[in-house]
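Trainee: Sequence:
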Amino acid sequence: MRPFRLLFSLVFLLVASLGPLHAQVEAPAAANKRLFDRTVDELNFRTMETVYDKSFTRNKFPVTLRSHQARKQFDGFGGNANLRKLFLNYNDVSERFKNRFGKGRTDLAEFDKQLNALLIDKNFEFFIRVLPRDERVALIRSLQRNIKQASAQFNASEDPNPEDVAVDEAAVPPADIDAIPTTTATVAEDPTPQPETPVGSLRAAAGPSVRPLDISVRHDWVDYLALLLSAVSTLLLFHIIANVLPDLRARLDGLAEELEERQPTDASRPRKRPANSLPQDRYGDEDDPE
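Here the sequence shown stands for residues -23 to -1, 1 to 267, where the numbers follow mature numbering (1 follows the signal peptide of the UniProt record, and there is no 0).
Simulated from the structure, these hints should not be mistaken for laboratory data. Every residue, glycine too, gets a C-beta built ideally from N, C-alpha and C. Be aware that a few hints might be false.
Across the chosen pairs, the derived CB separations fall in these ranges [to be verified]:
1. V221 <-> V199: 28 to 36 Å
2. D98 <-> N132: 38 to 46 Å
3. D52 <-> A133: 35 to 43 Å
4. N93 <-> N132: 53 to 61 Å
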């Protein structure tokens, strides 16, 4: 009986010592998750408050509506059903941003990334479209300051060391000399959803890529337009060589013949006296008595 009590005491002490340790390990992650949810609520509240105050100049958005449930029960829209539906829809959509953090990566970089993704979301841009441009810019800058304040409160004690991350990325196994290099690579999928980005920015970020030999080239309208212009220019050049130049040459020949016909003949042309010759002496003819 005594050995059993001793064994039970040791197990109890072991569990009791591991309990606070486990709590200390999970405490920063749980605190960061609550900070993320609280920041999302604050961003949504600030956004709805700005749009509501712009829509109703005499009413103010209540400061107590800082949670999703409280904003869902709010009905101070003056009978405007469309505006109420707009607020309720954005309230539900913005609440889903809380699910973007807490699963997968939970470091500070992911924290900032997911919070800033709310400011470039298409639903956010659609919701604040009623604001003038200056007020939209002021609102976005205010929300960015709130994100920076939340990032300053983030507990980064569990984040990996940047030097360790660089070492892990650099620790690539040596390649097999006899192996044939492959042209395809496996792309790891990010478990967290990413915000939508324009196609032009994706192409600019990706840079030049090498096309595999087994994939056919896809031509767009620019290629076909360039081909059409090349064909038209070739036909135009052929038309100039075959038709325009011979006709122009025939006209020049006709003009040359016409000019030659207009010039006087040698018989009717007066003879020209040399410049250095003297006139003929006819004094002897005048003295003749005849």
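Trainee: Each hint: holds or not?
Mentor: Evaluation of the provided hints:
1. At roughly 31 Å, the beta carbons of V221 and V199 sit within the given window of 28 to 36 Å.
2. Between D98 and N132, the C-beta spacing of about 26 Å breaks the proposed range 38 to 46 Å.
3. At roughly 41 Å, the beta-carbon separation of D52 and A133 lies within the given 35 to 43 Å, and the hint holds.
4. Take N93 and N132: their Cβ atoms lie about 19 Å apart, and the range 53 to 61 Å is violated.
Hint compliance for this structure: hints 2 and 4 are broken, all remaining hints hold.
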